[in-house]
Amino acid sequence: MTEASMHTFEIRDYLRQELMPHFMCPGCGHGIALRALLWAIYELDIDKDRLAIVSGIGCSGRVGAYIDANTMHVTHGRPLAYATGLKLARPDLEVIVITGDGDCLAIGGNHLIHACRRNLNFTCLMLNNEVYGMTGGQVSPTTTVDRFTTTTPLGNHEPGFDSCKLAAAAGAGLVGREITLQVPALKNLIKEGINHPGFAFLEIISDCTEIYGRKNQLGESPEMMLSQKASTRSDVYRNTVDQPFRPNAFETGVLARNDRAEYADNYRKHVEKTMDVLKSGD
Amino acid sequence: MRVSTSSAVEREPSPTTAAEPTNVLIVGVGGQGVITVSKVLAQLCLQNKLKVKQSEIHGMAKRGGAVFSHVRFGREVYSPTIPLGQADILLALEWAEGLRWLPYLNPETGTFISDTQQIIPPFSCRNRKRGATSNYVFRSVEQVKQHVPNSYAVDATGMAEGLGNPRAANTVLLGMLSTALDFSVDDWQAIIAQSVPPKTVEVNRQAFLLGREWIQSDAHKEEREQVEVAKPPPAPVVDDVVIDLEITEAWCKGCDICVKMCPERCLALNSSEIVELANPDACTACRLCEWLCPDFAIAVHVHKKETAIA
Ligand SMILES: Cc1ncc(C[n+]2csc(CCOP(=O)(O)OP(=O)(O)O)c2C)c(N)n1
Ligand code: SF4
Ligand code: SF4
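Top line first, the protein sequences correspond to chains A and B. Note that the first sequence ends on residue 288 in this note's numbering; no numbers are left out. Note that the second sequence ends on residue 311 in this note's numbering; no numbers are left out.
Keep in mind that the hints were calculated from the coordinates and are not lab data. All C-beta atoms, glycine included, are put in the ideal place defined by N, C-alpha and C. Hints may be right or wrong, so weigh each one.
According to the in silico footprint, chain A covers these stretches of chain B (three or more CB under 8 Å from chain A) [said to hold, decoys possible]:
(1) 214–225
(2) 255–262
Which residues of chain B face chain A? A few of them, derived with a C-beta cut under 8 Å, are [as the list claims (entries may be wrong)]:
(3) 250
(4) 251
(5) 252
(6) 297
So here's chain A without its partners, still in its complex pose (with noise of 0.2 Å):
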């Protein structure tokens, strides 16, 4: 994409405006997602009428209410379900996946590794933010060891998933992860993910900065943001001796490919063939 396109991307274009502004609380990473995808959505040229967005429950899912386009604000934990029956019934549209950690991982968990299984083509951003922050900061399966939330009065003593490698491990076409202070590399990891032919499942690292972090004294958002990045290590290192990284640092960019069938052929072979021996009434 040249300078200058770049330049003419009007965020407005794309939002339900009489709603804005929107719901979340000042700082949260969520909506620096948002402009990361809707700026993704434009420069691909994606037409508003073959975009189909699918949101669970949480400040997460509530992100695609905000964009103006066909949304399906749909049951808690089961946005990949109602992408996958949406995706196999209109093919021709463009479907994407905006969850939450406690919505993908955790109630919805299952539906992740069959959606990575399948490898159907759509793309899942999970905003990962480390808490249940709709219902006022519960654990969550991201929550970090001996962080507070309020179901963890004494600090969390569970480990956490490794949400990537879960994917990739499930066999998802394509795996990426990137933080919002990168604004543009996330927008280029999300195009990444749309252009790929199978399932892609990027994990956005968010901050809930009113209640994970006010709870934890992670500082405000500019602190919250600053020390995500100090935590990641770009793939850009991957290959590089010197990794002036802490060892346990996240990775981002593409961190998995996975060039299998895609889900959608099979299935229509599937379902010929199924119609065919229901005409032939054997």
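Fit chain B with the ligands to the supplied structure of chain A, relying on the hints for placement.
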């Protein structure tokens, strides 16, 4: 960067009547040959049975890094570094580096010899605004002369270019340095010939003589007085674009992200915790505030002047 101190000669018991050593400070930026120049001088001193100590900072191979070398020689030398204000000669391969080290020169008896060449490092421009001037230090030759009467500014690089090899500029300066010291021309030339790449021996021989003659010969008197240092170019006038920051106050939640993340510190929160453009002149239209605002409350518009909104 590495600081090395080499004592070229074993130290003898201190003679009670040790003459003060001669102090030569050679400075420049990485890649110019400061170390070569100081090694030539140190070798020459050894050959003339003098004690010599040389101490340098090098390793700044990337242009822009400061490089210096202290050379002290005489009947006895104890400390490897020249105290402030006690250098007898300051030989600079780059103009601003010469100015930087001026305080080391003895203002009354010292000699200042500097190439007028200016190598402007990128970090001398701290202002990222389009058309900003750099902070590269400027002093005219006259200003330096007020500080150190015995000063020579010379376009050594230009002279070496005239001989067909600008890299011989440091040998031109060695020729000039030789006029201030008591060593024979033959000794200088022999050591220079050993120290430079074999293919460049002849051009360096000529460069040395050219530099020496430039200071000694009356034929160059007028030329010597006319040397000027280029003034840093004035800031280009940038008026082709207008930056217009559109703030949607109704959407701002006062989270402070843009205020803290703006590299130019243009933004501030007002008394109602709503963002405002406090320093419009500093804005470079980098768009970080637009990208990072979770509430889409800032849009950066860059208009070409013709279409600019007044
Ligand atoms: C079936 C069901 N169970 C529980 C809830 C309550 N609930 C609403 S949002 C939420 C957690 C959302 O957390 P996450 O996905 O991390 O999103 P965030 O709010 O942090 O962005 C829960 C448990 C629900 N709405 N439906
Ligand atoms: S509760 Fe947390 S996740 Fe939800 S809007 Fe507020 S900051 Fe964002
Ligand atoms: S980032 Fe946006 S919401 Fe936050 S203070 Fe700036 S303009 Fe306001």
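Would you check chain A against the region 214–225 of chain B, counting CB to CB pairs closer than 8 Å, and say if three or more residues qualify? Three-residue rule not met by the region 214–225 of chain B, so violated; n is 0.
How about residue 297/B: closest beta carbon in chain A under 8 Å, or not? holds (5 Å)
Closer than 8 Å between Cβ atoms is the bar; does residue 252/B clear it against chain A? Give me holds or violated. holds (4 Å)
Given coverage of the region 255–262 of chain B by chain A, checked by CB-CB distance under 8 Å (3 or more): holds (count 6)
Close enough to count: is the Cβ of residue 250/B nearer than 8 Å to one in chain A? Check failed: Cβ of residue 250/B comes no nearer than 10 Å to chain A, outside 8 Å.
Hint check: 8 Å Cβ-Cβ cutoff, residue 251/B to chain A: holds (7 Å)
In terms of the numbered hints stated before, the structure departs from hints 1, 3, listed from lowest to highest.
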